[in-house]
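> What follows is each chain in one-letter form.
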Amino acid sequence: MNLVWKLLRQHISKPQLAGFFFANLLGMLIVLLSLQFYNDVVPVFTQGDSFIKKEFLIVSKRISVAHSFSSSATAFKEDEIEEMKEQRFTKSVGQFCSSQYHVDASMGMAGAPSLRTELFFESVPDDFVDTDLSQWHFDPEKAVIPIILPKNYLTIYNFGFAQSRALPKLSEGVIGAIDLMIRIRGNGKEDYYKGKVIGFSTRLNTILVPEAFLKWSNAEYAPDADTAPSRLIVEVKNPTDDAIATYFKKKNYETDDDKLDAGKTTFFLKMVSGIIMSVGLLISALSFYILMLSIYLLVEKNTHKLENLLLIGYTPQRVSFPYQALTVGMNALVLLLSLLLLFWIRSYYMDMLYQIFPQMTEGSMWPAYLLGGMLFLGVSVINVWAVRQKVIAIWYRKGVRL
Amino acid sequence: MENITLKNVLPEVFASRNDIQSEIWHKEVLLEKGKVYLVEANSGTGKSSLCSYIAGYRRDYQGIIDFDGKNICNLRIADWARLRRESLSILFQELRLFPELTAYENVSIKNGLTHFKSKKEILAWFEALGIADKVDAKVGLMSFGQQQRVAMIRALVQPFDFLLADEPISHLDERNSAVMAELMLEEARRQGAGIIVTSIGKHMDLNYDKVFKL
Numbered sequence: 001m002n003l004v005w006k007l008l009r010q011h012i013s014k015p016q017l018a019g020f021f022f023a024n025l026l027g028m029l030i031v032l033l034s035l036q037f038y039n040d041v042v043p044v045f046t047q048g049d050s051f052i053k054k055e056f057l058i059v060s061k062r063i064s065v066a067h068s069f070s071s072s073a074t075a076f077k078e079d080e081i082e083e084m085k086e087q088r089f090t091k092s093v094g095q096f097c098s099s100q101y102h103v104d105a106s107m108g109m110a111g112a113p114s115l116r117t118e119l120f121f122e123s124v125p126d127d128f129v130d131t132d133l134s135q136w137h138f139d140p141e142k143a144v145i146p147i148i149l150p151k152n153y154l155t156i157y158n159f160g161f162a163q164s165r166a167l168p169k170l171s172e173g174v175i176g177a178i179d180l181m182i183r184i185r186g187n188g189k190e191d192y193y194k195g196k197v198i199g200f201s202t203r204l205n206t207i208l209v210p211e212a213f214l215k216w217s218n219a220e221y222a223p224d225a226d227t228a229p230s231r232l233i234v235e236v237k238n239p240t241d242d243a244i245a246t247y248f249k250k251k252n253y254e255t256d257d258d259k260l261d262a263g264k265t266t267f268f269l270k271m272v273s274g275i276i277m278s279v280g281l282l283i284s285a286l287s288f289y290i291l292m293l294s295i296y297l298l299v300e301k302n303t304h305k306l307e308n309l310l311l312i313g314y315t316p317q318r319v320s321f322p323y324q325a326l327t328v329g330m331n332a333l334v335l336l337l338s339l340l341l342l343f344w345i346r347s348y349y350m351d352m353l354y355q356i357f358p359q360m361t362e363g364s365m366w367p368a369y370l371l372g373g374m375l376f377l378g379v380s381v382i383n384v385w386a387v388r389q390k391v392i393a394i395w396y397r398k399g400v401r402l
Numbered sequence: 403m404e405n406i407t408l409k410n411v412l413p414e415v416f417a418s419r420n421d422i423q424s425e426i427w428h429k430e431v432l433l434e435k436g437k438v439y440l441v442e443a444n445s446g447t448g449k450s451s452l453c454s455y456i457a458g459y460r461r462d463y464q465g466i467i468d469f470d471g472k473n474i475c476n477l478r479i480a481d482w483a484r485l486r487r488e489s490l491s492i493l494f495q496e497l498r499l500f501p502e503l504t505a506y507e508n509v510s511i512k513n514g515l516t517h518f519k520s521k522k523e524i525l526a527w528f529e530a531l532g533i534a535d536k537v538d539a540k541v542g543l544m545s546f547g548q549q550q551r552v553a554m555i556r557a558l559v560q561p562f563d564f565l566l567a568d569e570p571i572s573h574l575d576e577r578n579s580a581v582m583a584e585l586m587l588e589e590a591r592r593q594g595a596g597i598i599v600t601s602i603g604k605h606m607d608l609n610y611d612k613v614f615k616l
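Those protein sequence lines, which keep their order, are chains A and B.
Counted from 1, the first sequence has number 74 at position 74 by my numbering; the numbering is strictly sequential.
Counted from 1, the second sequence has number 582 at position 180 by my numbering; the numbering is strictly sequential.
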């Protein structure tokens, strides 16, 4: 094979092959990088809340100056809830119930001044809470209230309050271990309960207690109060559906949830990655075209040699092999180099992402490997086939030449 | 391969001519393994065409050429490659050597297919044909006569049933022609092969079994 290679490497144009090599490397890198970046970044936006199921939106009425003085204007009426249920994007609707009595909570810590604050409670139907229901349960006998707090509260405490007062910072685990002292007043009664924080939610800006407890406590401490909900929790089929935003705007509702925004962000991220990937694929396709032209030209220039080799008994497979090995080898080198570059660039941007989103989970690299492998295989198979066809064409061309 | 048969073969370019006087064209010709044939031709009578039809790289003819009763038009690429490697050796008039390779490499590239001859045997032929000093010279820098001898050696480094030599000695002197004829005959005898030599005028001095006028 050495002699055959010695013959057939004549007329190989190094600048052409270098052109192909770098263009293909660039194309492949762009394709793989856009896919990998998308995979790495998308979890930041779609990360679920462990306490609230994913496809929920929290809806309230927009508060205007006129509404500020009337509490009933921001409450949802029965027919409005019915209408919401009938929308085609809606799967189910739950109502927020709020406590109609006075609540205050205190948290005493050894050696530190106790923290005392006035509170309120809200609840949503248990179906909407994605947690272990054995914990999400109120027993009047034991008088322990499970609570889910907004994560913001912890952040405010840790980075605002604790920082300024030189108090210890608290982790979620520590808070879970501390009992809150809860005092409830209303209907001429005053009782003490224990509050147990079972978790923190990034998506729910309220202090959530089990619905059963709230109904019971409202009946107990504020039997006469009006309990029309001012917020709804809506399970939707697809949070990125345009119809949701349109309907909310028409009804002057607003959602304090970032789910719609995340939907939009993911959509744009997907679109931008898609565009960049297409550009990469286009560059790859063009570089592939350069390679094919270059190989065709090479075969054309070496036609006489190929023809002579065939006439002294070489098979088309055997004379095609050097060019096939050349193209496949270059494709493999391109794949390898682009994966190495991908590792390098990824380690760089992942460091930055971790600084911005320390809690983010790393995306898998398998899709990039798979795509790279598929591109390599696809391109190589076409190369091998095209070179062979070209050599066979030389064989048949002889038949008609005089 | 035991025999080559030509049945009413005629180059397509001659199809419109009525004055074909030939012992090959438009005749039934049987060429047998082990025999030595000479095809004598004048210019323009289609000698090169005949060689390229038998070698399988042109198909612009009428009639049928059979190898052992099989029409060669039905042979596939792989069949031809095998034939050229193992049954049919050709010394082309235009030689078809590779000018960028040395004389030895030109022979070696063919010998590499079947490893039929040892390096020693090949070098002995170079010696016999008086081009031992050209073994490592680029073929492109050699005279046509020297190239013809390299091409002959290349034609002999394979197993064959027929050796088709298209004007093998056109550029050789008497002495070299005689040596070449002897080598060729010796190798063909060893393999029990047939030889088909063509010539325009000057021809190899061999004991021909049959001479055809083309």
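Warning: the hint list may mix true and false statements.
Said to hold, decoys possible - Residues on chain A that point at chain B, a partial pick, calculated with CB under 7 Å:
1) Leu3
2) Leu7
3) His11
4) Ala23
5) Leu26
6) Ser294
Said to hold, decoys possible - Far from chain A, by Cβ distances over 12 Å, these chain B residues were calculated:
7) Thr407
8) Asn420
9) Lys437
10) Ser510
Hints in this document: simulated from the structure, not taken from any laboratory.
No residue lacks a Cβ here, since even glycine has one placed at the ideal position from N, Cα and C.
> Does each hint fit the structure? Answer for all of them.
Hint check results:
1. Leu3: Status holds, d = 4 Å.
2. Leu7: Result: holds, 6 Å to nearest chain B Cβ.
3. His11: A/His11 check fails; min Cβ-Cβ to chain B is 11 Å, beyond 7 Å.
4. Ala23: Check failed: Cβ of A/Ala23 comes no nearer than 30 Å to chain B, outside 7 Å.
5. Leu26: violated (35 Å)
6. Ser294: violated (21 Å)
7. Thr407: Label holds. Min Cβ-Cβ 21 Å, cutoff 12 Å.
8. Asn420: holds (21 Å)
9. Lys437: About 23 Å separates B/Lys437 from the closest Cβ of chain A, which puts it past 12 Å; holds.
10. Ser510: violated (6 Å)
Hint compliance for this structure: hints 3, 4, 5, 6 and 10 are broken, all remaining hints hold.
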